[in-house]
Amino acid sequence: MEQIINIFVRGIFVENMIFAYFLGMCSYLAVSKTVKTASGLGLAVIFVLLITLPVNYLLNRYVLSPGALAWIKPFWAEVDLSFLSFILFIAVIAAMVQLVEMIVEKYAPALYNNLGIFLPLIAVNCAILGASLFMQEREFENILQVFSYALGSGIGWFLAIVSIAAIREKLSYSNIPAPMRGLGIAFIITGLMGIAFMSFMGIQL
Amino acid sequence: MNKRIFLDPIFKNNPVSVLALGICSALAVTVKLEPAMVMALSVTLVTGFSELILSLLRNTVPNRIRIIVQLVVVATLVILVDQILKAYAWQVSKQLSVFVGLIITNCIIMGRIEAFALSNKPFPAFVDGIANGLGYGIILVAVSFFRELLGSGTLMGYPVVPQKWYAVNGGFYENNGLFILPPMALIVVGLIVWVFNAQNDKKVWNK
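For the protein sequence lines, the chains are G and Z, in the order given.
Per the working numbering, the first sequence starts with residue 1, numbered consecutively.
Per the working numbering, the second sequence starts with residue 1, numbered consecutively.
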């Protein structure tokens with residue numbers, strides 16, 4: 001239990017997707033002009049992470065990693081399919097996103113109106129694939145840890161995009177040198193926020 | 001014509017500094033010059049060849065499933081790059097870790113395929129891919145140049161700052177540890193964007 005909370009908190013603050021690994025920067029910069037759309041995208045990322053990470057974890061554990069196929073036949077214990085992980089992870093993500101989009105459209109039209117346009121964007125969001133690859137690298141022990149990692153890193157990404165959107169809304173009133181407007185200042189502010197987030201480094205529960 | 005296709009993405013329409021594409025996966029590899037160069041080369045090759053292949057396929061792939069086809073082509077090329085790196089440059093491949101895989105979701109590749117390769121002949125598409133990869137590579141190498149020089153006082157692993165300048169040896173100089181940390185990459189990119197935009201006098205991103 002301790003471990004699970006630890007993974008969760010580290011995902012939000014210490015190993016924040018944006019500030020520590022720069023994952024999902026494209027949509028982070030493009031969709032952070034207003035708080036409303038930013039929080040929509042953030043929620044969609046949390047949602048998709050919670051679905052794709054456990055699926056990819058099971059896939060990695062029972063199909064891809066070296067010796068994982070032993071549960072079918074002991075004879076296959078030497079098979080190592082890990083070179084296929086990129087293509088299978090991205091396929092799972094694309095398929096899951098499509099599936100989630102259809103289900104949400106059918107059963108929760110209100111939610112679809114809020115999240116709908118963001119879901120296709122997310123299939124190629126680096127944060128999702130990045131989380132799967134980190135999950136593969138870190139070798140979590142059980143699926144609960146994977147859930148807490150997914151939730152933690154999703155909330156971390158959500159926090160980052162909502163706070164930059166709030167700052168950018170205020171920025172439109174300030175006098176920034178013309179070539180710096182937009183992209184340049186967004187980068188620098190993200191850097192400063194990253195420095196602030198670094199004060200969480202070394203948190204251990 | 002081909003010359004413009006080649007030069008525009010490097011300077012005038014640089015994918016990173018002007019269009020804000022493809023920053024996702026790569027800034028974490030800019031602490032040192034060497035992995036950044038390998039990353040730039042890999043992205044250039046993947047962009048070039050995926051644009052070439054998809055431009056060859058552009059009349060046969062139905063519009064509805066094109067995204068899946070693009071993802072499969074790009075992912076296959078990235079797997080190739082990853083396996084080659086693991087075989088011939090194990091050290092660098094260890095340093096790049098998950099970021100090689102993240103080339104798949106690099107927005108430059110998908111963006112250029114959608115915007116250019118699907119409506120152009122194979123050769124210009126290939127040139128466009130290589131040029132966009134190089135435009136991205138220039139930013140990556142520039143960022144890592146400053147970060148390695150100011151953060152560790154070396155370039156490509158060779159010491160540049162004379163040893164006796166350091167405070168430990170009775171000198172006045174100290175490496176700036178902040179440059180090794182992630183946030184500094186963003187600030188350096190921000191400054192580079194500033195220089196690029198001031199030069200081009202372009203205000204694509206007014207807001």
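It should be emphasised that the hints constitute simulated quantities derived from the structure, not laboratory data.
Quick caveat: nothing in here was measured; it's all calculated off a predicted structure.
There may be inaccurate statements among the hints.
Claimed, not checked - Which residues of chain G face chain Z? A partial, calculated answer using Cβ under 7 Å: (1) Ile5; (2) Met25; (3) Cys126; (4) Leu129; (5) Leu133; (6) Gly184.
Just so it is clear, CB atoms sit at the ideal spot from N, CA and C, and this is done for glycine as well.
The hints, checked one at a time:
Evaluation of the G:Ile5 hint against chain Z yields a violated restraint, the C-beta minimum of about 24 Å exceeding 7 Å. Annotation: interface hint on G:Met25 holds; nearest CB of chain Z at approximately 4 Å, less than 7 Å. Interface hint status for G:Cys126: upheld, as the beta-carbon distance to the closest one in chain Z is roughly 4 Å, under 7 Å. Using the Cβ-Cβ criterion of 7 Å, the hint placing G:Leu129 at the interface with chain Z is satisfied: the shortest such distance is roughly 5 Å.
Proximity of G:Leu133 to chain Z holds as hinted, the smallest CB-CB distance being about 4 Å (cut-off 7 Å). Given the 7 Å rule on beta carbons, the hint for G:Gly184 holds: about 4 Å separates it from the nearest Cβ of chain Z.
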